[in-house]
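K.L.:
Hey, can you work out the whole structure from these sequences and the hints?
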Amino acid sequence: MKILLVDDEVELVSAMAERLSLRGMDADWTDSGEKALAMAKTCRYDLAVLDMKMPKLSGLELKHKLTTLCPDMKFIFLSGHGSESDFKAGCAEATCYLIKPVRLEELIAKIDEAGR
Amino acid sequence: MNNASPDNREGVRFFGTVSASVSHEVKNVLAVVNEAAGLLEDFTVMAERGMPIDPARLKRAAQSIQGQVRRGDTIIKNMNAFAHSADAPEAGEDHETDLAETLRLAVNLFTRMADMRQVSLALGEVTPAMSRASGFDVIHLLHGVIGAAFAAMSAGDALTVSLTGRDKGATFTLSVPGRSVAPPGDAEFTALARRLGASAETDENGALAVTLAR
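For the record, the sequence lines run as chains A and B.
For the first sequence, the positions run 1 to 116 when my numbering is used.
For the second sequence, the positions run 117 to 330 when my numbering is used.
Just so you know, these hints were derived from the structure itself, not from any lab.
Note that CB positions come from ideal geometry on N, CA and C, so glycine has one too.
Wrong hints could be hidden among the right ones.
Chain A is faced by these chain B residues, among others (derived, beta-carbon under 7 Å) [claimed, not checked]:
no., residue
1, His140
2, Asn150
3, Ala152
4, Met232
Below, a list of computed lysine to aspartate or glutamate pairs in the EDC-like style, where the Cα atoms sit at most 20 Å apart [said to hold, decoys possible]:
no., chain 1, residue 1, chain 2, residue 2
5, A, Lys56, B, Asp203
6, B, Lys143, A, Asp8
7, A, Lys35, A, Glu61
8, A, Lys2, A, Asp46
9, A, Lys56, A, Glu34
10, A, Lys53, B, Asp231
11, A, Lys56, A, Asp8
12, B, Lys143, A, Asp31
13, A, Lys2, A, Asp26
14, B, Lys193, B, Asp203
15, B, Lys143, A, Glu113
16, A, Lys88, A, Glu18
17, A, Lys2, A, Glu34
18, A, Lys56, B, Asp214
19, B, Lys175, A, Glu18
20, A, Lys110, A, Asp26
21, A, Lys2, A, Asp31
22, A, Lys110, A, Asp28
23, B, Lys284, B, Asp231
24, A, Lys41, A, Asp26
25, A, Lys53, A, Glu34
26, B, Lys143, A, Glu106
27, A, Lys35, B, Asp231
28, A, Lys2, A, Glu113
P.N.:
Quick look at the structure:
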């Protein structure tokens, strides 16, 4: 399974990708929605892990654009916010919605679930 | 809360908006620390299994944690100063607010708002100025004008806020190269400005001058 991680916190998203890679997972990362769209045009990703709150393109907006490019792509949302409206929107649009800080084991379990 | 005056309700709402933004920043700090610490743990497990670890990778993860601790400390100091602006003694004859310090705090607090809009917010020239308005109200007022300026800006634009002290008050000047900055038109800002005796108007260069009586 090819995974794309997108978060504007570079140190967070790069460390998360490195930790997934150490566990044998194929994960690329980027820090903006625009770059994610460019990457998705040149590489087929099965799943994207998106931060909900990012400058310019939010996680939800990016999800809609990525879905247009790759209709089969699955999504997991991450957020620092635990607001009810974000939670409802995130749950309605993605396989799951995790609140930061995320336990990697939990993220991996959700990735596995999405891949089934 | 239902018995609160409209001024109080707006103030509480503003306090909530800023607190929510700060809490989001703190969450991000914790999330980065969590990943960097997790990475160090992964390296430890690898070392226990006899796998070679590049010391530079360990150093990078440790530096990331240290950097985030500094970032978190700054965020919390700003939040603490903001919280105390609300519980400070009422400004008046015996107590005045340092507007230069208050503007610096406001710029620090609202930088994330700028980042989310992909614009920049910077402090311009600042001269000493005092006011009898409360620090909390001044930050609230600045939030109104800065927020309205952001709403009219495009990605890449830069907003600079300067402060000029005067005998009978002070003027905050908001300028964006190539753009005219308009005052907010909402009722909340109008009521707050009226209460503080503040005026906001765009000058001939397109900069917004917000003048506060001492």
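K.L.:
The structure should be examined with respect to each hint, and the outcome stated for every one.
P.N.:
Each hint tested on the structure:
{"no.": "1", "hint": "His140", "result": "holds (5 Å)"}
{"no.": "2", "hint": "Asn150", "result": "holds (4 Å)"}
{"no.": "3", "hint": "Ala152", "result": "holds (6 Å)"}
{"no.": "4", "hint": "Met232", "result": "holds (5 Å)"}
{"no.": "5", "hint": "A:Lys56 - B:Asp203", "result": "violated (35 Å)"}
{"no.": "6", "hint": "B:Lys143 - A:Asp8", "result": "holds (13 Å)"}
{"no.": "7", "hint": "A:Lys35 - A:Glu61", "result": "holds (14 Å)"}
{"no.": "8", "hint": "A:Lys2 - A:Asp46", "result": "holds (5 Å)"}
{"no.": "9", "hint": "A:Lys56 - A:Glu34", "result": "holds (9 Å)"}
{"no.": "10", "hint": "A:Lys53 - B:Asp231", "result": "holds (11 Å)"}
{"no.": "11", "hint": "A:Lys56 - A:Asp8", "result": "holds (11 Å)"}
{"no.": "12", "hint": "B:Lys143 - A:Asp31", "result": "holds (17 Å)"}
{"no.": "13", "hint": "A:Lys2 - A:Asp26", "result": "holds (5 Å)"}
{"no.": "14", "hint": "B:Lys193 - B:Asp203", "result": "holds (15 Å)"}
{"no.": "15", "hint": "B:Lys143 - A:Glu113", "result": "violated (26 Å)"}
{"no.": "16", "hint": "A:Lys88 - A:Glu18", "result": "violated (30 Å)"}
{"no.": "17", "hint": "A:Lys2 - A:Glu34", "result": "holds (19 Å)"}
{"no.": "18", "hint": "A:Lys56 - B:Asp214", "result": "violated (35 Å)"}
{"no.": "19", "hint": "B:Lys175 - A:Glu18", "result": "holds (15 Å)"}
{"no.": "20", "hint": "A:Lys110 - A:Asp26", "result": "holds (15 Å)"}
{"no.": "21", "hint": "A:Lys2 - A:Asp31", "result": "holds (17 Å)"}
{"no.": "22", "hint": "A:Lys110 - A:Asp28", "result": "holds (17 Å)"}
{"no.": "23", "hint": "B:Lys284 - B:Asp231", "result": "violated (35 Å)"}
{"no.": "24", "hint": "A:Lys41 - A:Asp26", "result": "holds (17 Å)"}
{"no.": "25", "hint": "A:Lys53 - A:Glu34", "result": "holds (14 Å)"}
{"no.": "26", "hint": "B:Lys143 - A:Glu106", "result": "holds (18 Å)"}
{"no.": "27", "hint": "A:Lys35 - B:Asp231", "result": "holds (17 Å)"}
{"no.": "28", "hint": "A:Lys2 - A:Glu113", "result": "holds (14 Å)"}
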